[in-house]
Amino acid sequence: MRRFVVPVVAVAIATLLLALLVFGVTNQGENTSIDASIARGVLPSVPNANMALPVLGSASASERLSELRGEVVVLNVFASWCAPCQAEAPVLEHAQLQIEHRDATVLGVTYLDTSTASQQFVHQWHLTYPVVRDVDGNFVHGLGTDGVPETFVIDREGRIAAVRRYQVNGRWLQQTLPRLLSAPS
Amino acid sequence: MRERTATPIRRVGPGGAAALLLALAPAAIRRLALGGAAALLLALAPAAIRRLALGGAAALLLVLVAPATPAAATTPRASLTAVESQVMCVACRESLAVAHSPQANAERSFIRTLIAQGYTDRQIVEQLAAQYGPAVLAKPPARGFNLTVYILPPAILLAGLAGLAVALPRWRRRTRAAAGGPAALGPPLDAGDARRLEEDLNRYA
Chain E
1 MRRFVVPVVA VAIATLLLAL LVFGVTNQGE NTSIDASIAR GVLPSVPNAN MALPVLGSAS
61 ASERLSELRG EVVVLNVFAS WCAPCQAEAP VLEHAQLQIE HRDATVLGVT YLDTSTASQQ
121 FVHQWHLTYP VVRDVDGNFV HGLGTDGVPE TFVIDREGRI AAVRRYQVNG RWLQQTLPRL
181 LSAPS
Chain S
1 MRERTATPIR RVGPGGAAAL LLALAPAAIR RLALGGAAAL LLALAPAAIR RLALGGAAAL
61 LLVLVAPATP AAATTPRASL TAVESQVMCV ACRESLAVAH SPQANAERSF IRTLIAQGYT
121 DRQIVEQLAA QYGPAVLAKP PARGFNLTVY ILPPAILLAG LAGLAVALPR WRRRTRAAAG
181 GPAALGPPLD AGDARRLEED LNRYA
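So the protein sequences, as listed, match chains E and S.
For what it's worth, our numbering labels the leading residue of the first sequence as 1, then goes sequentially.
For what it's worth, our numbering labels the leading residue of the second sequence as 1, then goes sequentially.
Honestly, the hints are just simulated from the structure, not real lab data.
Do not rely on the hints blindly, as some may be mistaken.
A few chain S positions that, by computed beta-carbon distances, are all more than 10 Å from chain E [as the list claims (entries may be wrong)]:
| id | residue |
| --- | --- |
| 1 | VAL98 |
| 2 | HIS100 |
| 3 | GLN117 |
| 4 | ARG143 |
| 5 | LEU157 |
| 6 | LEU161 |
| 7 | PRO169 |
| 8 | ARG172 |
| 9 | ARG173 |
| 10 | ARG195 |
| 11 | ARG196 |
| 12 | ASP200 |
| 13 | ARG203 |
Okay, the calculated beta carbon distance ranges per label pair [to be verified]:
| id | chain 1 | residue 1 | chain 2 | residue 2 | range |
| --- | --- | --- | --- | --- | --- |
| 14 | S | PRO141 | E | PHE23 | 14 to 20 Å |
| 15 | E | VAL22 | S | PRO141 | 19 to 25 Å |
| 16 | S | ARG176 | E | LEU21 | 37 to 43 Å |
Using N, Cα and C, we set each Cβ at its ideal position, and we do this for glycine too.
Take the sequences, apply the hints, and build the full model.
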C-alpha cells in the first residue's frame with residue numbers, strides 16, 4: 001500500500017498542474033462569444049454597460065454606456081499609435097456628422113494609450129464625437145477586445161447589433177446603420 | 001544582447017542552468033530558493049558546521065538590523081534601461097528592452113520625460129501603468145489567477161528541496177550499506193581468533 005503513495009501523489013500534482021495550465025490558456029484565449037451570438041441572430045447586451053469611464057481630457061467627468069440607452073451608438077475602440085485607427089478616424093467623424101441629429105452617436109474608447117497622445121489624435125483628426133478612456137481594459141475585455149481597432153454598433157435597446165474586429169469603412173457603416181437608425185427610440 | 005547570452009546557455013551543466021534560472025527569476029523567488037537550499041544544506045551538514053552556520057546567520061542578522069548608512073538612504077536615479085526591462089511595448093507586445101517600433105519609441109520618450117522630472121524607476125512604472133493599464137507591465141500584477149505565477153514555482157522548488165532533504169540521507173544510508181558498512185562484516189570473532197588477529201597486527205605495527 002505504502003509504495004503506491006508516492007506515484008499517486010505525483011500523478012495528483014501533475015493533474016493539478018495540467019488543470020491549471022488548461023484553465024490559464026482558456027482564460028487568456030480570445031473571447032468570440034459576442035461574434036458567435038450575433039452570427040446566430042441573438043443580439044447580446046453590452047457587458048459592463050454601467051461601468052463609469054473617464055472622459056478624455058477631463059479630470060473628473062465620466063460616462064457610462066448605459067446612459068446612452070435609446071441612442072444608436074457606434075462604439076469604436078482605438079489607440080493613437082495604431083495605423084488602422086488613424087485610417088478610419090475620418091470615416092467615423094464623417095459618420096458622426098451624419099447621425100448625430102438622429103439620436104445616434106459615435107463613441108470613441110481609447111485603450112492602451114496615454115491621455116496626451118489620445119488628445120493629440122482627437123485634435124489631429126478633428127474628432128467631434130465623445131471619447132472616453134478605458135485604462136485598465138476592463139470594459140473592452142468584456143467585449144472580447146484584445147487589440148485595436150474594433151467597432152461595435154449598439155442598437156437603441158443597448159444590444160450589440162454588429163461587430164467589426166478590424167478597420168471600419170464607410171460601406172460597412174452604410175450597411176449597418178440605416179436599419180438601426182430607423183428603429184423607434 | 002540576446003546573442004551574448006545564447007552561447008553560455010548551451011554550455012552550462014545542470015548546476016549552471018539552475019544558477020541561470022535563479023538569476024532570471026524574480027527577487028522574491030530567488031530569496032525563497034536560496035533560503036530553501038541553505039536549509040537543505042544545513043539539514044545535511046554535520047552538527048559542528050550547523051553550529052557555525054547558525055552563528056554566522058546571527059551575525060548577519062545583527063548587521064542587517066543595524067541602522068542604515070546615509071549612502072543606503074539616498075534614492076538612486078532612474079535609468080531608461082532598468083525601466084525598459086520592466087515594461088512592455090503595448091503595440092508590439094514584447095519587452096520594451098527589445099522592441100523597435102514607433103510606439104516603443106513613444107514609450108521611451110515618455111520614460112525619458114519622467115526621468116528628467118526626477119521620478120524613480122518604480123514611480124515611472126506606476127505612471128506607465130496608469131496611462132497604458134496593466135497590459136504595459138512585464139510582470140503580471142499579483143492578484144487572481146496571476147498569483148499562481150508567484151506562488152507555484154517557489155512552492156514546487158520548496159517541495160523538491162524537502163523531498164531531497166528526506167530522500168538524500170536514505171539514499172546515502174542505502175549506498176553505504178550496499179558498499180559494505182558495519183552490517184556487512186559478518187559474525188564477530190571468538191576470543192581465540194580475536195587474540196591471534198591482535199598478535200598478528202602487532203607484529204606488523
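Original post:
Which of the numbered hints are not met once you compare them with the structure shown?
Top reply: none
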